[in-house]
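**Q** These are the residues of each chain, in order.
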Amino acid sequence: MRKKRRTLVKTILLNLIVAILIIYIAGPFVWVISASFQGENELLKKPPSFIPKNPTTDNYRYVFTGQVPTSYEVKGQLRSRISQEARLIAPALKNSFIIAVFVLAINLLFATPAAYAFARLRWKFRAGIYNFILGSRLMPAMAIAIPYYVIIQSLKLMDTKLSLILVDSALTIPFSIWFLTLYITNIPRDLEEAGLVDGCNYFQVLKSIVVPIIIPGLVAASAFAFMTSYNEFLFARFLTTSIASQTGPVVLSSISGNPDASYSLISVCLTLGMIPPIILAITMRKWLTEGLSSTITFR
Amino acid sequence: MSVQPSAQATPRRNSSRFLEKIYPYGSVLPALVIIILFTIYPVIYALRISVYQYILTKPNSHPFIGFKNFHDVITSYYFKNALLNTGIYTIAAVLGVLLFGIAVASLLNMKLRSVNALKIIILLPWAIPAVVAGLMWKWILNSDFGIFNGILYSLGMIKSYIPFLADPVLAKFSLVMAHIWKEGPLATIFILAGLQLIPNELYEAAKIDGGGGFRLFRFVTLPLLRPILLVVLVYETMTAILTFDIIYVLTGGGPGDSTALISWFAYAEIYKFLNLGGGIALSIIIALITLVLIILYMRALKTDTTIY
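Chains E and Y, in that order, give the protein sequences. Every letter in the first sequence is one number past the one before it in my numbering, and letter 17, counting from 1, is 17. Add 299 to the 1-based position in the second sequence for my numbering, that's all there is to it.
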């Protein structure tokens, strides 16, 4: 009887901890989405209402069409609290998306054959080049940001999407190679050997035998490359100067630096900015978790 | 007669053997070119700049000044304080992330129905840009109309709103808390992967031997988790020392310089003091510090270096 009661207390306690953790983790997301549907005057109340009393889509309409929300006119704050910059978020997120898709494609195209060569083939500089590629990621980003600036300038790629595609590829390919090398090393090689005996060359074996087996790994690697590129801030901040190439994080940081920016509009921008990674994280949860777990447990 | 076919086949086999031989090099070449362009060249360039005077307001004068940039940076007004801040921040953030990771991973490993919801959302903070995470927390902690102040006020826990980001000590706490929120999930996934590798029989055996609760964790889980904890430790130390994005948007290094870490000043040297040479010298110092830490950790790991 006493033991049963103790387990009950324990279960309640554990569930309470889980509930607190859920609030800590999900709370900020719920709040920023809720805030994006509130008018400025409701949002700046003390204390603010967690669930909007008069939910409005005016903020979204302003960001996409430029139509000034009615609540601003009511408060007589028409211009001052509207940040023109908020309207840049849509093109900026489009830039982020385009860059991330190209980075993803370059990763798959370049890292897959390299990973196969590292995992399966025996050649002279294999270990040396592998360690060099992995070691390249140990460089602190801040230390190479200025040289990157100079390289990109001398390539005449300043303020272009191509510059960020190149830089983000260089940042993500080492991880993709490492991840896919581990992945390929850990699949059985009988089928490949059969293929080689049948007279296929390495490329054919890679294309028609290995790639179909490692598709889960390729999906996870793509998601990692996409997210890293989509989320990258430091280099984008250094290498872009206009909306022609500025990415979501760059525009978000400059909107928030504007003291005139409206809290509701920032909430809209934040909500829009996190939609792609959140969709990825939820729909690919299983693959991402397994991929991340495998990087630490595979040997 | 029997020589004939093999003589015919030899040239073909030779060429295909040659292709086979260069195939691996061809496979890694495209990736290698991009990585070399963005690794070796930048490092050489950075090393060169660091011994010249490069001040953006004097664009035409770049005399060789030896190690003066390093000397200036080390003796600057901010260096000691920034190093101290970085040390405090790194220790707090790494410990916080590790404890969070161990606790949450242990919860996720239990047969509890409510943890399924936690499993679905745990990756979300990791997935979003650090800039977005920083801005979310900035508004939540706002001293005039932040929801966190609002909740504490409504619950009667505070009498007036607290300026979380305007107080040097509270700003540090806020930053570490946001950092744990962002980085904790990845550590959790790693540690959970480690927990799931521990065979159940070990726990059964330990239970028969009279172990329970904390003793089980201390003498079974922790030793077996050690290799993975060390990897997480290395990764999280690097992440914490080099934190930039979240500080940039959440506190901007303030109030005063109370949350300005060493990498923040590398940025400030370049963008605020317009001293390229100084910024790069500081970056090289940061790189050396992380390198030394990694080597120390690797010694402790004593396993392969395939972590990165």
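If you are wondering where the hints come from, they were derived from the structure by calculation, not from laboratory data. Predicted model, so just to flag it, every value in this text is computed and none were measured. Cβ coordinates follow ideal geometry from the N, Cα and C atoms, glycine included. Hints are not guaranteed to be accurate.
As the list claims (entries may be wrong) - Below, a list of computed lysine to aspartate or glutamate pairs in the EDC-like style, where the Cα atoms sit at most 20 Å apart:
(1) E:53 with E:42
(2) E:45 with Y:371
(3) Y:320 with E:193
Said to hold, decoys possible - Which stretches of chain Y does chain E cover? Using the computed rule of at least three CB atoms under 8 Å from a CB of chain E, they are:
(4) 364-376
(5) 383-397
(6) 456-470
Stated by the list, open to error - Partner residues are not named here, just some residues of chain Y that face chain E (Cβ under 10 Å, in silico):
(7) 491
(8) 493
(9) 532
(10) 541
(11) 573
**Q** Each of the hints needs a verdict: does it hold here or not?
**A** These are the hints, each one checked on the structure:
At roughly 8 Å between alpha-carbon atoms, residue 53 of chain E and residue 42 of chain E fall within 20 Å of each other, so this suggested pair holds. The suggested pairing of residue 45 of chain E with residue 371 of chain Y is violated, with an alpha-carbon distance near 49 Å, which exceeds 20 Å. For the proposed pair residue 320 of chain Y and residue 193 of chain E, the alpha carbon gap of about 17 Å is at most 20 Å, so the pair holds. Residue count for the region 364-376 of chain Y with a Cβ under 8 Å from a Cβ of chain E: 0. That is fewer than the three needed, and the coverage hint is violated.
Residues of the region 383-397 of chain Y with a Cβ under 8 Å from some Cβ of chain E number 0, which does not satisfy the need for three, so the listed coverage is violated. Look at the region 456-470 of chain Y against chain E: 1 of its residues bring a Cβ nearer than 8 Å to a Cβ of that chain, fewer than three, so the hint is violated. The criterion of a C-beta within 10 Å of any C-beta in chain E is met by residue 491 of chain Y, whose closest approach is roughly 7 Å, and the hint holds. Residue-level restraint check for residue 493 of chain Y holds (minimum Cβ-Cβ distance to chain E is 7 Å; threshold 10 Å).
For residue 532 of chain Y, the interface hint is violated, the least distance from its beta-carbon to any beta-carbon of chain E being 12 Å, above 10 Å. Below 10 Å, beta-carbon pairs count as interface contacts, and residue 541 of chain Y has one with chain E at about 5 Å; its hint therefore holds. With a cut of 10 Å, the hint placing residue 573 of chain Y at the interface with chain E is violated, because the nearest CB-to-CB distance is about 12 Å.
When each numbered hint is compared with the structure, violations occur for hints 2, 4, 5, 6, 9 and 11.
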